[in-house]
Structure formats: structure tokens, C-alpha cells
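Please model the entire structure based on the sequences and the hints provided.
As they're listed, the protein sequences go chains D and B. One point on numbering: in my numbering, the residue at position 27 of the first sequence is 27, and numbering is uninterrupted. Add 1000 to the 1-based position in the second sequence for my numbering, that's all there is to it.
Bear in mind the hints are in silico, worked out from the structure with no lab data behind them. Computed from a prediction, not measured in an experiment: that's the story for all the values here. Any given hint might turn out to be false.
Stated by the list, open to error - Derived DSBU-like pairs: lysine-lysine, alpha-carbon spacing no greater than 30 Å straight-line:
| # | chain 1 | residue 1 | chain 2 | residue 2 |
| --- | --- | --- | --- | --- |
| 1 | D | K128 | D | K112 |
| 2 | B | K1018 | D | K139 |
| 3 | B | K1002 | D | K128 |
| 4 | D | K186 | D | K176 |
| 5 | D | K100 | D | K176 |
| 6 | B | K1035 | D | K100 |
| 7 | D | K100 | D | K128 |
| 8 | D | K216 | D | K186 |
| 9 | D | K176 | D | K139 |
| 10 | D | K112 | D | K100 |
| 11 | D | K139 | D | K128 |
| 12 | D | K100 | B | K1002 |
| 13 | B | K1002 | D | K112 |
| 14 | B | K1002 | D | K139 |
| 15 | D | K112 | D | K216 |
As the list claims (entries may be wrong) - Going by beta-carbon spacing under 7 Å, a handful of chain D positions derived as facing chain B:
| # | residue |
| --- | --- |
| 16 | Y95 |
| 17 | F104 |
| 18 | L108 |
| 19 | S109 |
| 20 | G169 |
Here a beta-carbon is modelled for each residue, glycine too, at the ideal position from N, C-alpha and C.
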Amino acid sequence: MPAAIEFHDVTKVYQRAFSDDRIEALTGVSFEVAPGEVCGFLGPNGAGKTTSISILMGFLFPNSGTVRVLGAEPGDIAAKQQIGFLPENFAFYRYLTGPKLLQFHLALSGHKVPNPADLIARLMYQVKLYGYESLAISKYSRGMVQRLGIAQALLGDPQLLVLDEPTSGLDPAGRKEVLDLLVAMKQSGKTVLLCSHILPEVEQICDRVVILDRGKLVRAGRLDEMLETGGRVEIAVDTLSEETERVAVERGALIDRGTHGIRLFVDEARKRETIEFLWSQGCDVLRVNPVKGSLEEVFLNLVKNRGGAA
Amino acid sequence: MKIRALAWNTFASLVRNKLILLICAIFLCVILLMKSPLMAMRSTTASQAQTGTLVLGLVTAIMTMLTSFGSLLAAWSAADAVAGEIRSGTILAVMARPVRRWEFLLGKYLGVQMMMLIYVLAMFGMSYLLAWIGDTRIQTTPWVLIVYPMVRYAIYSALAILLVTVMHPVVAFVVVLLTSVAANMAGPGSHTFPEWLRKGLWAILPSTGLLSETNFLAITQATLKKVPWNDHLLILAYGLDYALVCFLLAVWSFRRRGLTRD
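Rendered as C-alpha cells:
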């Protein structure tokens, strides 16, 4: 099965006419997103995320390299019929109402719907905008505009969702609703490219992560692999005497007595030996988990190592 | 369906455009002020022939102003309809839909023509109103007063759309303005330019002088029967052809244009 999104050695240079100033927005970027995956698209400001998305959607053209989306060239009409897109800072026609805007986008989508009014009412309900049907969008709050943007992206039941900062401007409840919606999309086999600065959200729902920094691909891969920290385990215990702690430290364990209780961190190879020692000392082992880093740590390490600012 | 939706949306945006509404309102005030002499004439005891000549002169002057303003309105509306979508970012959600770039441009273009049709009909009504106030009659065939300006506005809006695909809308507007002035100055019999240059400009620039309905207003005592249908068709075909070429060039130029604000 072909990848839903393919970037191969893509370079994009912005250059003003009659000027020598060049900004290399993307340099040899390559990555793939498989069908059905939820992919987080990350990077500090100016990393090239929006440029990449613009190329993917056919708004911009790369100087070199190839891009395929749903097996077609960006901008292909048949492919665009299967794409739902939410741009960053979703702009709208201020004089329209929410349903009128959705009606306009439905007309553009080319989808034949037996009862468009029902579909639009359902979408307005889904994004919690029911009751505001007659309100002009110019009177919407930032969060309401964002919800309407999400509703228009969901029109036509797209196979691929490209969402640029979908939770921006939403309150915590709204964010959770959007995340739940993305989880539902994932469960129904849709592909999602999610561009966000809120890394815990990305970590919560993404299968794959692509990280850009200053136009270059820093890392791309499965999220679970990215968060592996090299074979260490965390052992949580109910009590730990000073003597037991001293011996455990001598055997190479790191101890943390923080808000999460008493935890020992040891190499995977010494897990069994440490647990048996703790039992022999009368400690009750509450849980044993492989240690994983957070996406935020991975992201900051990658970006810092390159001398950038997150 | 898509083109119709885009055209209606463009039309709805244009008739709510505050700048366009403001300029139209100011222009309407000027026109209303110009009506005062006509009203005064009704109360004087001038002869029928004198009144008719004066009314005709005034109607022609007002119509010339209206049609010139219409050309500027067509050019600005077309330039702003495309550039405004890019500037505001609304184009991104629109072009993410299965809409081809030429469909987008055509929708915008037709939306502008819809607005200009309203303008032309208002202008048509105004000319008859002025004649009625002046107690005289316009004796030309009405279709000329509608079709000729529409074709002329089609040219200016197509030219503006072509230019705005490569330059800032204000610059595009100024270029259209200068083009129309230069085209008028390069008309037959003009001595502004050397003959070789005048001929060149006459061939290249939109010769909308041919498409001026005021030609017919100025000869109200003559009838249209004196202008053969062939001539009408030839002039209109020239205008439509010019507009079509400009529009096709705009489509060609727009096909690889970046749609983001950067």
C-alpha cells in the first residue's frame, strides 16, 4: 500500500524577485506517513512546518524533490476530495454564518449529499456550535472559529486530515474534545498529520513523529521507538530503609523520592537481582515499568543539540 | 456548481466591501449634485429644443463619468477579489477543496461581472432617470447601454486579474488605469504619440473607445439602424476576445503562483 504522505528530498527556497536574498525554508526533507497513522509534525517556530504543509496541499511548489499525497501529486483534484485541511489561524468570510460557510465548502467539495442541511447541522452539533447557527462568524470567539474550522475540515468524511494547530485557541475542555475526535478518526482508520506545539497532546495520540528544525529533518520515526531510553526500568516500592538504599546505590541504582513515591532506576539487566534484593529486605514492589522519556525531552534535546530554541 | 458557489461568494463579498461601498456612496453624491442643473431647467421657460440639447449634454457628461468610474470599479474589484483572498488567508481553505486554479479565477471573475451587471443596470436606470428629469427622451436602443459597458468592464476586470497574479493589487490597479488612459490617447486621429507608436499601442492596448455606449448617447437623434449589426458584432467580438486572452493569460500565470501570504 502506498504511503499516505511522501516527502522525498524536498527543498524549498524563498527568493524575492530582483533580489539576492534567499531563505532556505526546507533542505532535503524526506519522510513518509503510512495510511491509518497519526503523525505529529513538530518543530520550533520557523522550522518549515507550514511551508511543508503548504507544499503538501499544493499551495506552494518545491524547488526540488518530490511530494506525493494519497498517491497523487499535491493539488490533484481526486486526492483533494479525500483531504480535510485546517490551516493555522483559520480565516473565514466574516459576513457568513457557520452553516453558510459549511454550505459553501460543501459546494466546493463536490460531494453529493442527499440532505446537506442535516449534515451541516450534525457537524455544528459535533463541534458544539449548535445554537449559534444564525450568528455571523465575525461575532465568533477565537475558539468558536477554530471549532468551525475543524467542522469544515471534517466535511465529506476525508481519508486524510491535515491539521495545523487544531487546538489553538481552545479551552481545556475543547482541547480534549478535539483530541477525542482525533482518536476516533484514528480508530476509524483515517490518516492524520497533526502540527502542534503542545507536545503532551501529540504524545497522547500520535503513532509517528516528524521533527524539523531550521528547514532540516531532525528525526522521523515511530513515537514508541523515539521514547525508548535504552533499557532502563523503574521499580516503585512502598518503603526503603536507609541501609537498603545504600546497598542499592552501591549496586548501581538511582533513587528518586519524589511526588510519585519511592522509585529505583536500574539497568534492565539488573532488574531481577534488584527486585529479589528488595524483597529480601522486606520491601513491597508496587510496579515495574520500562523507563520512557517524554516527547518534550526528546524534542528539546534534539533541538538544543542543534543550537536552536524551542 | 463549484464555480457558481465561488461566483456568488465573490459577489456577496464585493457588495459588502466597505471601500467599494464608500467610493460608490461618494460618487452617488457627486452625481446627485450634478442633477441640480436639470432640476433647475424644469422650472425655467427655455424652449424644448434648447432644453433637449442641454439635457443631452448633461446626460452624456454624467454617463461618461459613470462609465469611467465603472471601469475603475471593475478593475479594483477584480484585483481585490483575488488579492484579498490571499491576503486574508481564506484562499487556503478554499483551495484545499477539489477546486482547480482556473475554476477559482473564473469564479472570482464571474462574481465581479455579477456586481458590474448590477452597476450597469443602475447606470442604465440613471440615464433614463436623468432624461426624464430633463423632460426629454433617449432614443437609442437599450441593449447597447447594457452590453457595451459590460464588455468593457469584462476587459478591465480580466486585465486586472491578469496583473494581480504577478503584482500587488494597488500596482495592478494603477497599471490598468494607465493602460486605459494610454489606450484613449492612442485612438485614431490622436497626435499624442508618433504614428508608429500610436499604431502599436492601438493594436496592443484595450481600445475601449470603440466600446463606449456614450457614442450612442451622443447621437440620440440618429438611430441605431445606421450602425450595421456586423459592426456591433465585430466591436463586441473584439472586446470579448481581448477579455478572454487576458483571462487565459491570468490562468496561465496563476497556475504556479504561491497562495500563501509570504
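Against the structure, the hints:
no.: 1; hint: D:K128 / D:K112; verdict: holds, 25 Å
no.: 2; hint: B:K1018 / D:K139; verdict: holds, 18 Å
no.: 3; hint: B:K1002 / D:K128; verdict: holds, 28 Å
no.: 4; hint: D:K186 / D:K176; verdict: holds, 15 Å
no.: 5; hint: D:K100 / D:K176; verdict: holds, 27 Å
no.: 6; hint: B:K1035 / D:K100; verdict: violated, 41 Å
no.: 7; hint: D:K100 / D:K128; verdict: holds, 16 Å
no.: 8; hint: D:K216 / D:K186; verdict: holds, 28 Å
no.: 9; hint: D:K176 / D:K139; verdict: holds, 24 Å
no.: 10; hint: D:K112 / D:K100; verdict: holds, 17 Å
no.: 11; hint: D:K139 / D:K128; verdict: holds, 16 Å
no.: 12; hint: D:K100 / B:K1002; verdict: holds, 15 Å
no.: 13; hint: B:K1002 / D:K112; verdict: holds, 12 Å
no.: 14; hint: B:K1002 / D:K139; verdict: holds, 27 Å
no.: 15; hint: D:K112 / D:K216; verdict: violated, 41 Å
no.: 16; hint: Y95; verdict: holds, 5 Å
no.: 17; hint: F104; verdict: holds, 6 Å
no.: 18; hint: L108; verdict: holds, 4 Å
no.: 19; hint: S109; verdict: holds, 5 Å
no.: 20; hint: G169; verdict: violated, 15 Å
The structure shown violates the earlier hints numbered 6, 15 and 20.
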